[in-house]
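With these hints in hand, go ahead and build the complete structure from the sequences.
Here is what each chain is made of, one letter per residue.
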Amino acid sequence: MPEKLFMRATHALTEAALRSGCKFYLGYPITPITEAGEYWSEHAEEHGASPFMVESELEAGAMLLGTSASGARTMFGGNGASMSLIAESLSTMAGMELPMVLADFPRGDGGAGSLTMGQGDYFQVTKAIAQGDFHLVTLSPHTVQECVDLTFDAFWLADKFRVPVVIMGDWILGMSMEAVAFPDRDPFEGLEPKTWALDGDMSRPKRHVTGGSTGGMVTSVNVGDVGKETGDKRAPVGPGERSVRWRYDKYSRIPRRWDALFCDDAEVVVASWGSLARIVKTVVYKLRREGLKVGHFRPITLYPYPYEALGEATKKAREVLVLECNTGMMLEDVKLGLNGRLPVEFYGRPGGVCPTMAEIEYEIRQAYQKKKVAA
Amino acid sequence: MSNEALAEIKHDVAGRKAVFERTVPFVQRATPWCMGCGYGALARAVIEEIEALKPKKMIATIDTACLEFIEAHLPCDNVHAGHGRAVSVARAVKKVHPDALVVAFQGDGGMLNEGLNEVMHAAAAGESICVIMGNNGVLGDTGGQFTVAAEPGLVTSSSPLGKNPKHQGMPIKIADILATFPTAAYVARGSTHDPAYAYRLQKMIRKAFQAANENAGFVLVDAVTTCPTGWGMTSVEAVRYAEHRIEGYYPVGVLKDWEHGEKVEMPSFISSTQRVEGMKTVPQPTH
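Chains F and X, in that order, give the protein sequences.
Just so you know, our numbering puts the end of the first sequence at 375, numbered straight through with nothing missing.
Just so you know, our numbering puts the end of the second sequence at 287, numbered straight through with nothing missing.
In case anyone wonders, no lab produced these hints; they're calculated from the structure.
Any given hint might turn out to be false.
Said to hold, decoys possible - List of simulated lysine-lysine pairs, DSS-like, C-alpha gap at most 25 Å:
| hint | chain 1 | residue 1 | chain 2 | residue 2 |
| --- | --- | --- | --- | --- |
| 1 | X | 56 | F | 206 |
| 2 | F | 206 | X | 54 |
| 3 | F | 335 | F | 316 |
| 4 | F | 315 | F | 286 |
| 5 | F | 206 | X | 57 |
| 6 | X | 95 | F | 206 |
| 7 | F | 160 | X | 95 |
| 8 | F | 335 | F | 127 |
Here it is as structure tokens:
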């Protein structure tokens, strides 16, 4: 039984990163993830990591590129504003297929952001962080323990698939303290050495790390020249298209993860993510005890979204209720996943407000009763 | 480059002594830059000095702009950085591989317009990287718009009447600024517009590489180059204008010299907590 520690989520995440063999934490102090950098400064050298602190987010973006291209495990910590600031680098690094982990703990609303709960950065992280045809693999924890476990997973996934991976927390989680246990895991299990990374060795042919569309990208893969078949009127496939297609092929191979609660016989499935899911789950447990056939679906990989699992979880359902701290962002993914099969209701509190348990209970009861009447 | 290729180029014709040879990468591949561009001479100097120094480990980081085309000619590992980010990327690479010679190539647009804070931070940190700035006063890649480094009066596509300091500001002489940093080991400015100057520049690059290879501290070479395309001039006119530049804002020379074995010493410190504990009395204002 591993030792249990009482830790703040940001501290636990940083400790997990250090135990995952991460050598650099490149983040600018910003609430609610400031403490991650503080923890790193104090403990980095115990783990043989660099205590270096970056001067600004723009430099963090560049240094993620440099450290990752040099073969080191590296991570970034910030909130939505920080993610915006490193966005250009992320676009470049996704093209270069550089592995890294980004801990994003957004605040309520945009701009400087309110110091409250919010989920308005869902689109930013999962859909369109920056220019170009790429996505960030996004993992969404809802407990401090999950922060730890997903950090180990994130570093492994990033290296395995050579993609940037985001751990997307939120304000409530960032401010939470809980008992956590650190798994005794080999963080490099089954991973191949990074033979693509730069080490400067002049005795072998030179290596070059650049984006796919600028040619000569460092990747051992060739997805084949689709346009080469005779009689094919399509434009020939160039290195740019090949690299984008290769990237999306990788996304398709990344395992989807989710957490389905009481979904087997649920008439109403409530979908929510992050810390809000924790509050919603408490309400779902309560309603189940009363005999209401309510289930809960929580995606853990926000990108790639577990569409198939959502379909499976809503097999018996007559309605899906989406709850979020925004005006309906994951709602779009739920609708995509259901593709018109079921009616989808939405209840959201944007701008830095988190609904109360009573509010959530009311919304679920409304959806449930409406179903009963309709049935 | 292979030894056979080298031997083929160096074949002796009737005992005549070669006084000039094209650098092998430029024989194997054509120069990627425009006619009259100073980056060819800069790249030649860089490549020859890498070949002379023979570092065991070397990694180059290359900014997005005209100078990025040096990447195909460099004989070492390299990574392409976003515009303005090459110095930060070089710092990061150096942190992972402290035993490697790390060189950042960046134009004046990348360094002075887009990445000014980054080069200042790198210099202040005394990071032992060598930064080579190609300084031609224009954003050549996008068709020659003026940069911060352009001196007043330079006619470009975005300053058709000449760069007006009233609206477009004065040049930032980054080499002069960074030479004042105690953490800078070697800072020099050279020019490529004339063979004699190019030769001097090559000697500066030699020393810069040696200093960075010995982890002496932050190293910067400001290479003043010509851009006839961006300046809207013939190659000959561009050389004349380059003379005006080095006589005006960008005088060539070593701004901070370095000798073998010299190393920037980072100061030892006393933590603020200890400092306060050690203080017997709180100093009072004298007036």
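These are the hints, each one checked on the structure:
no., hint, verdict
1, 56/X x 206/F, "13 Å, holds"
2, 206/F x 54/X, "14 Å, holds"
3, 335/F x 316/F, "17 Å, holds"
4, 315/F x 286/F, "22 Å, holds"
5, 206/F x 57/X, "11 Å, holds"
6, 95/X x 206/F, "20 Å, holds"
7, 160/F x 95/X, "23 Å, holds"
8, 335/F x 127/F, "15 Å, holds"
In summary, the structure agrees with every hint in the numbered list given earlier.
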